[in-house]
Amino acid sequence: MSQYKIIFTGPVGAGKTTAIESISDVPPVKTDAAASDMTKTRKSQTTVAMDYGIMNLDDGEKIHLYGTPGQERFDFMWDILSVGGLGLVLLLDNTRADPFQDMKFFLDSFADFIADTSVAIGITQMDLSSTPTVDDYHQQLKKYGLKPAVFAVDAREKKDVSLLLQSLLLSIDPMLGRE
Amino acid sequence: MKSSNQAIKVALYGMDTRASKMMTMYLSGPCKGIASVVGSSEAEIDIIDADDLNFKSLLQEIKSNAPERPSIVIALQAVSVEGAIYVKKPIESESLIQALKQIKANLGKKKRVVPPPVPVSGSKEIDKPDVKAEVVAEGQATDISLSKDLSAAKVDDVKILKQKTVSPNEKKKTLKHRTAIDLSDEVFSSYIGHVEGIDFSDKEQVLQASFNSKHYFLSYIQSALRVAKEKNRIIQLNANWKPLVIFPETHEIWLDTKDVQLRAFSGILMKQWAGSGSGVSLSAADPVKVGCNDKMESFYDADMLLWKVAIWTSKGRYPSAIDIHQPVYLKQWPNFTRLLITPNALQISAVLTSGPALMMDVVEQLKIKPEYMFVFISAAHALGIVGQEQQKANKIVTTAAKKPKARGLLAKILGKLRN
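Taken in order, these protein sequences are the chains called Y and H.
Counting from 1, position 87 in the first sequence corresponds to residue 87 in my numbering; the numbering is continuous, with no gaps.
Counting from 1, position 141 in the second sequence corresponds to residue 1141 in my numbering; the numbering is continuous, with no gaps.
One should not assume that every hint holds.
Lysine to aspartate or glutamate pairs mimicking EDC-like chemistry, simulated, CA-CA at most 20 angstroms apart [as the list claims (entries may be wrong)]:
1. Y/K159 x Y/D127
2. Y/K5 x Y/D25
3. H/K1308 x Y/D25
4. H/K1412 x Y/D112
5. H/K1331 x Y/E21
6. H/K1416 x Y/D25
7. H/K1416 x Y/D59
8. H/K1416 x H/E1044
9. H/K1331 x Y/D135
10. H/K1412 x Y/D25
11. Y/K159 x H/E1044
12. H/K1229 x Y/D136
13. H/K1242 x H/E1186
14. Y/K62 x Y/D135
15. H/K1308 x H/D1361
16. Y/K5 x Y/D116
17. H/K1416 x Y/E157
18. H/K1063 x H/E1044
19. H/K1229 x Y/E21
20. H/K1242 x H/D1259
21. H/K1367 x H/E1186
22. H/K1412 x Y/D59
23. H/K1416 x Y/D58
24. H/K1412 x Y/D98
25. H/K1295 x Y/D135
26. H/K1416 x Y/E61
27. Y/K5 x Y/E61
It is worth saying that the hints were derived from the structure and are not from the lab.
Starting from the given sequences, assemble the full structure and let the hints guide the process.
Written as structure tokens, this is what we have:
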């Protein structure tokens, strides 16, 4: 049976682990460890390998949810993880120094994967830092010729993560579920 | 000796990741970079949250590790800790700055700080802007008169009220950050209300089911928002109803009302309400006087309010500014997680972000009610994200044209997420 995956990516502390936890039907496998490098200024625990969760569908099929490690030194894993991926969820932390730079980095890193599938972008921590706004992100995205869904997201809220995933699926095929 | 403008190094205790992050940003934002957060070994001052469950043991540990280091204790209720300055929560930047400055001065004298454990909070009302007199000039599209006798508060003057970077008040804006509400088909019709005399099952009547937004409150809010942004002023819209205050810099609107009242007001023809519209005016706003600071939960993201008001203005009709015989497209996805989600809204968005289409074609393809299409278009149009005029020139990049793999599987995932 094929392994169907949805990939969650983004910088350290953007909420990938939490988002997978919100949507997974099983307790996710987390590989957090004490941060030992620059990440320690942002969070005490961080993902050093990957997070893994599952969505169980009615017919027994499973969708695998993978969270990439946020640190750039693990970017060699990103290509491996994205093989067989259905789409990309990019989470960006609005409190970071330059979230646009983060966005560029991840859009560039996953450019081929996005071209084959689609991407939806969730902006986290907007309740701590309201700027840049969602509209600002859309303005930036024009540079890349992309028009993905960009939502303010609280990764702890299942509803927020669900809406982001729904937009991802519908941007792959707007007529989904209408035949 | 340290230079006076050098940031004081502070260590944070008793705070979780989010609280620490917020405090870090608070120190660099509202506290103007007076202190920077470092690890315990480098710190000159400790800031301890006394509301932490393990406060006593934490304090003991801190004091045993660095007995000479001065500390600030923050708590909701006054606490007395020897050698520490108490700052009341919610923290006011002036209080924290004052406490840090006091310790910094003592550090400069190389003396140990042993201040009395008295509160230093409430020393200054930071939320009161220094309002300067300036006249708002010129008119705007909608028939709104601008007050010439009232002073306009410059946005710069009230920045302290709403910090751009981060504000502890941001979290109090519960309405603004509330997650989306989904309305089912069953409740939606009663939620939006209906317009007498339109039969949406009649194709001819459907084509005529438009409304002119200029006649409604919606247009007045849009005009006021536009003026506030052009002038970069905090502006109050007076419509012989509740005060509506616009904060252009943060794209926020403050309106203290219940949904049921707003819904009713959104559907009223303004000429009937205000007598030829002359009763509607714009004036400089004093957010403190109006009570914005006392009711932070009444802050809306401007898009959130416009979206909602547009839905209640539309009642299933489309804006007359849109030609129903021309294709429409979406310039961007609406921020659905913070909006009221109308039936089929995500699907309509996916279609219209992928390229221009006639509204009635979308209705047919998606097999949806025309009023759902129209109410969505009305809301999106109010946000300025619907395009129509340049549809031929608009090359929309989309993944929709690609042959989606595992289509059935994607549909199953979507079905699960919707339930």
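Evaluated hints:
no., hint, in the structure
1, Y/K159 x Y/D127, "holds, 16 angstroms"
2, Y/K5 x Y/D25, "holds, 14 angstroms"
3, H/K1308 x Y/D25, "violated, 33 angstroms"
4, H/K1412 x Y/D112, "violated, 25 angstroms"
5, H/K1331 x Y/E21, "violated, 32 angstroms"
6, H/K1416 x Y/D25, "holds, 11 angstroms"
7, H/K1416 x Y/D59, "holds, 11 angstroms"
8, H/K1416 x H/E1044, "violated, 53 angstroms"
9, H/K1331 x Y/D135, "holds, 11 angstroms"
10, H/K1412 x Y/D25, "holds, 15 angstroms"
11, Y/K159 x H/E1044, "violated, 43 angstroms"
12, H/K1229 x Y/D136, "holds, 16 angstroms"
13, H/K1242 x H/E1186, "violated, 31 angstroms"
14, Y/K62 x Y/D135, "violated, 35 angstroms"
15, H/K1308 x H/D1361, "violated, 25 angstroms"
16, Y/K5 x Y/D116, "holds, 14 angstroms"
17, H/K1416 x Y/E157, "holds, 16 angstroms"
18, H/K1063 x H/E1044, "holds, 13 angstroms"
19, H/K1229 x Y/E21, "violated, 40 angstroms"
20, H/K1242 x H/D1259, "holds, 13 angstroms"
21, H/K1367 x H/E1186, "holds, 16 angstroms"
22, H/K1412 x Y/D59, "holds, 9 angstroms"
23, H/K1416 x Y/D58, "holds, 8 angstroms"
24, H/K1412 x Y/D98, "violated, 37 angstroms"
25, H/K1295 x Y/D135, "violated, 26 angstroms"
26, H/K1416 x Y/E61, "holds, 12 angstroms"
27, Y/K5 x Y/E61, "holds, 12 angstroms"
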